[in-house]
Amino acid sequence: MTIHKELSIPYLKTIGIVNNGFNGRGFQNPHSVTIGPDQKIFVLNRCDVARRKAIRIGVMNYDEDYLYEFGYGFGSGEGQLALAVDMVFDSTQRIHVTDEFNNRVNVYSETGEYLTKWGESGSGEGQFDGPSGITTNSKGEMVVVDQRNNRVQKYSNDGQFIGQWGQSGSREGQFNLPWGVCVDGFDNIYVADWRNDRVQKFDDSGNYLMSIGSSTPHDSKLLRPSSVAVDSLGNIYVADWGNERVQVYDDNGVFVNTLRGEATLSKWAKEYFEANPEEKETREISDLTPDLPEHLNSPYHISSQTESYFWGPVSLCIDAYDKLYVVETNRHRVQIFQGAK
Amino acid sequence: MMSTQDVKLMAHLMRRAGFSATRSELEKFLDKGYEQTVEDLLSPGDPGNMPDDLIRRYHVEQSELRELSGAGAYWLYRMITTNNPLEEKLTLFWHGLFATGYAKLNQARALLNQIDMFRSYGLGNFKDLLIKLSQDPAMIIWLDNNDNHKDAINENYGRELLELFSMGIGNYTEDDVKECARAFTGWTLKNAEYMAMRAGKDSIWPYGRIAWHYEYRNDDHDEGKKTFLGHEGNFNGEDVIQIIVDQHATAKFVATRLFQFFASDDVDSESHDQVISEMVDAYFDSGYEIKAVLRTLFNSDYFKSQECMYSRVKGPVESVVGTARLAGSYQQPHLDVDKLWFQTMFMGQGVLAPPTVEGWHEGVEWIDSGSLVERVNYAAKEFGDTTKSGVRDIITRLSRTYSEQINVPDLVDGCLDLIGPIQVGDNTRDSLIDFVSEFSDNNVLDISSFDSKGSKCVAQTLGLIASTREYQLA
Chain A
1 MTIHKELSIP
11 YLKTIGIVNN
21 GFNGRGFQNP
31 HSVTIGPDQK
41 IFVLNRCDVA
51 RRKAIRIGVM
61 NYDEDYLYEF
71 GYGFGSGEGQ
81 LALAVDMVFD
91 STQRIHVTDE
101 FNNRVNVYSE
111 TGEYLTKWGE
121 SGSGEGQFDG
131 PSGITTNSKG
141 EMVVVDQRNN
151 RVQKYSNDGQ
161 FIGQWGQSGS
171 REGQFNLPWG
181 VCVDGFDNIY
191 VADWRNDRVQ
201 KFDDSGNYLM
211 SIGSSTPHDS
221 KLLRPSSVAV
231 DSLGNIYVAD
241 WGNERVQVYD
251 DNGVFVNTLR
261 GEATLSKWAK
271 EYFEANPEEK
281 ETREISDLTP
291 DLPEHLNSPY
301 HISSQTESYF
311 WGPVSLCIDA
321 YDKLYVVETN
331 RHRVQIFQGA
341 K
Chain B
1001 MMSTQDVKLM
1011 AHLMRRAGFS
1021 ATRSELEKFL
1031 DKGYEQTVED
1041 LLSPGDPGNM
1051 PDDLIRRYHV
1061 EQSELRELSG
1071 AGAYWLYRMI
1081 TTNNPLEEKL
1091 TLFWHGLFAT
1101 GYAKLNQARA
1111 LLNQIDMFRS
1121 YGLGNFKDLL
1131 IKLSQDPAMI
1141 IWLDNNDNHK
1151 DAINENYGRE
1161 LLELFSMGIG
1171 NYTEDDVKEC
1181 ARAFTGWTLK
1191 NAEYMAMRAG
1201 KDSIWPYGRI
1211 AWHYEYRNDD
1221 HDEGKKTFLG
1231 HEGNFNGEDV
1241 IQIIVDQHAT
1251 AKFVATRLFQ
1261 FFASDDVDSE
1271 SHDQVISEMV
1281 DAYFDSGYEI
1291 KAVLRTLFNS
1301 DYFKSQECMY
1311 SRVKGPVESV
1321 VGTARLAGSY
1331 QQPHLDVDKL
1341 WFQTMFMGQG
1351 VLAPPTVEGW
1361 HEGVEWIDSG
1371 SLVERVNYAA
1381 KEFGDTTKSG
1391 VRDIITRLSR
1401 TYSEQINVPD
1411 LVDGCLDLIG
1421 PIQVGDNTRD
1431 SLIDFVSEFS
1441 DNNVLDISSF
1451 DSKGSKCVAQ
1461 TLGLIASTRE
1471 YQLA
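Chains as they are written, first to last, in our numbering: chain A, 1 to 341; chain B, 1001 to 1474.
Chain B extracted, bound-state conformation (with noise of 0.2 Å):
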């Protein structure tokens, strides 16, 4: 028999290793137990998200990935489409970290195999990962390590490993960086000045875009012997990064950066602390794996705690996704599903669309007037749809949970159970029973068809919750 401190715990894992449940896959993760969900989501299996076959057939601009509004949008089908939601939660973290953008690429097909090696390697072991990124084409191109040359380099990618990917600022000199940049002169990419060339001047002719990749250039690489970190060789990219992965400060950086991301916004506790300390020796004692990092974040007392949960503010795409997951929304392909992706934009995340290198910057600063309104509106038009199957499903579990023909105050709480379970203030409990009351008879709503008005009202109930601030909260 599953407790609502069950459910409770269960919602909670879901929204930050994960984009929200459903409460039917809440009831599926909670027949297996906390743990066992923990692993499961540490090792995806079969995505069963929409298939390419389908989406390249309706979406033209989803086959040809020629502009940033499809490529989002295919990105976004797959968030919520996905039975794998740690994985592209955590793709949407490296691309956070990693920050490469459209802006200067012009090439929306580099960024997605971009995101695509996040998925592939994001669970994996650290100092791959950063041989991956290093190899990038979008990321050669978004901090020029196609001008990095053996007779001139360019310190652009050597800074920023050190600086916003690897180990921070504070914890290596100018001189590293420059060994840095050398040693990973010739890393570019197949025919680079051709497509730098296109990048640059946005040329999509004559027949659209080519799409990049990896090239080493042996006779363009600095074969000279470099001193970094206190290391002396003839090192290449690859020992440059394991010399990397071995600093105590990159293993800090990761564990507090995934932290802030899964866990609390803030760090600013002794218990935050703690556990992160837990996350470096699990960084170290499993050789770089950042998968074994995520299972002592999630599996601790802090992430299980009443602290934690409601206390970082959902990003943009964590709403968006969670909420058309939530409604049953998109799991067809769908006309109109690009503006999913300017829906993001206008709340300030634009999926493959940083504003810099540094990513976005996270936490209160994702709210504003403006956002807040596009957050409210977005919820409210998915949520206020009955036809869609998750408010069905909502309408069918409050009919069997109490009646079809349900009164008002059972109503609010039915559907505050649902939709999260969201735990509200008296005020706020008071209005939704105030504004639900406005439609029944005698305190009570019919629900027995899905067209009722009883129905209608726990759709627009469902949307009125979603603007309140726990909603806007994971």
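Here chain A stands alone, though its shape is the one from the complex (with noise of 0.2 Å):
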């Protein structure tokens, strides 16, 4: 067991602006980054209420060349989405995205041609109320959480229901709304317990292995975690969603390094500065990390005021490459880091 007092973990670039409209590069409130074959980044957009219509796919590249969308508005009908969450690639390269309104999970192909759907309301075997994160382990079971009946599920990536754990409370095991899941490379499940501040880690059975960010310092502490994503050397990240940051702990669980954030111009966003000289002119003499009066000062304002910092980090992902994605719905991007090496 390796204890990283020091875990370097340097910004590399941000992707993405801002999209106003319905189709088209840029991102609209992205709730969830995965990668697909050939390094391809996708982003799902769950749009807010004014532009839900448009609830999309994004795919690009990572030198931020918009490569296409695919998208069949919102509702409950074939292929539609209301409330999406998390996404995944399985084992074939198809994609599952939750919907923790329609309480299913549907399929699309790499292109985004609509496959199929698995799951219905419930709380029952197979049945969901409010799947939100989802990942797959080693074997190609899908594994998915299932907010509102508070447990863990898991499925054959045909949607074949294999098993579950989980229950409402706060004792280990127990749940109270949670959010994301991740495996690491032994396909121990790490749950990011949203309202019982934690992140609790069980093995591939669902035996409790520990708890995350309950029982740390009170600065590291966790509060209200989104999502969670474990790197090559087992390092955990935790979107700390109530904090506006990522907080980074090693494999055994120890507390060692804070994210905040720190976004650049992406390409997108400089090429919008280029057609429009004088926002940009009156932009770079600003202080835009300002210092904030005292009634502003939760993270909450301090992400509304400071455009750099993370703002709703409500998903991450690690790639092949232990490059970590953080998306932050808010400020419509993703922020790119290198997880250890």
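With the C-beta cut set under 7 Å, the calculated list includes, among others, these residues of chain B facing chain A: (1) V1060; (2) W1205; (3) G1208; (4) H1213.
Think of the hints as simulated: they come from the structure by calculation, not from any bench.
Glycine included, every Cβ here is placed at the ideal spot set by N, Cα and C.
Since each chain sits alone in its own frame, please combine them into the complex, following the hints.
Below you can see the structure in the form of structure tokens.
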């Protein structure tokens, strides 16, 4: 076991710009990111109420070339999504997207063809009340957080129920509106136990192993964690949503670092300012990391006024090269860091 | 033992100092008594409203607060679920008096920060409130104080501070306006140039809105001597506000506006003047405390009189929020909560979007044929759903008070009582009875289960009562 007293996690770049319309490059309240074939980056746009009919997945590469997008509109019809939360590729390169309103998982091909759906409303086996986080393990099984049923469920990648664990509560193995989920290289399962302010780690069978974030020193405690990811060395990254930051722990759950966000202008943002030089001019003489008055010093308020900081970090993803992708739904962008090499 | 009069008086207080109250809430207040309830309303504790984390998780637009409808819905959630109704009602009052709108700001977060400020200071000292108002970034952009410089004043904020926010026209001169503006030079917001440009262009790029906060620029403040309302000195904004709050005209203005919002749309009788005079005394005796002014009002004989009851037209927000609270709606995050904000807009009072700096024209001007249809349809939809907790509570109380097999007149009278109590004329009561009778067998309806025909009839009757003139009055 290695304890990383100082874990360097350098910032790499930002991808994104707010998209105020109904299609095209840019993001609209992104809620999840996953990496597909050829390192293509898939971003799930949950979309606000005004633009929800354009709920979609945008596809780009690391160089910020916007490649294509797909979506079938807002609703409960075939291929449609209402409140999309998370997505993941399965072992056959199909994308599974959770929908916490429709209580189902939609399945699409890599190019956006709608294939099928699985799950239905309820609290029995194979049923959901608010499916949120989704991931897949080395056996090709799908692991889904069933938030309002306060449990984790396992399915085959064609939606056949395999097993479940968890119940409402705050003890080991219990949950309070859990959100995100991930697995590590040993198929251990990490669940962002949102309203219990912790991440719980389980083995592949759902046996409780440890909790992270609830008994650490005060300044490193989690507040409403939304997502979790693990790099190839076992370091654990937690989207500390309520504190607008990412907390990093070693494989033993010992706190090692905090990321607050350091976004720079994306390629698309630079192009915007090239077309709007007067706005760029006033921006350049502004202080965009100001000291704030006391009454606005909550993490939420700080982030709402400090553009480079994380604001609404809802989802994390680690790619095959240990790059960490932090999705900020309120800032319509993804900040990318280099995780442990 | 509570009397009918006690219930009527408490319901009146809660319609005015809140957004109506369910019968369960009324019973709790009645246990405490009227004066203690007034004191509790004036000393709000934990609001117990829907938590921010739940709202932000399920409503991305209410987390980001980029646009108007999401921000409006966010505030409506709070009004509907708060345990501190007067705190929210008074915040709505200040929002109407110090009317600041989204149209020019293009910044919903700043507006909600202003609303938070009203919530924090609204029951406190009027001097503190005016200072915070003058430092509020939304107000600064709304009335151009970011363009008020020591070498080129902009009078807009100084003028409205005197005319619309404190003293009223006729109590100051044009020179006072200019001197007031000079005192507020340098009161601006951080990165004013960039933020004003973004507001002007409605720019959300590249990464959404950047919220605002106040900044004082000493190098842009006019340090010269000023003459204001007969006083001379090197006044800054705080000094000017001290002079303003000391004016009798200010006390009368504030007392009158509070009286019109909480007691009577019109000020047209000696009893009205008497209460306002007592409110003015409370203002000075307490050192400008709004809480003291409101305590005087709510405990006055006039406020508790039959004459005061049902003498105001409910504003659209009062109507929407009050009905939602009575029906038990929106207690959990709801996919379509944004429609609530549109509902207030269609009825003529979109929160965070007052038509001008003068706010809304209230009283009978709230009602026209279009807005009345919106009110009636909205209430009918809210009350017409027997899955809602408030509707179920009324059905349960009816079956407990009368019988699971309830006769038609009892059903009508029970609904009128539990939705208010509301007293309607004989013709209205007869019409309601005729309506309900059509659903009954031998003038009796079964309300033993929530999905029975009788229970559905109760829900429809509540919706029908909500269309009466009496329900539209507070």
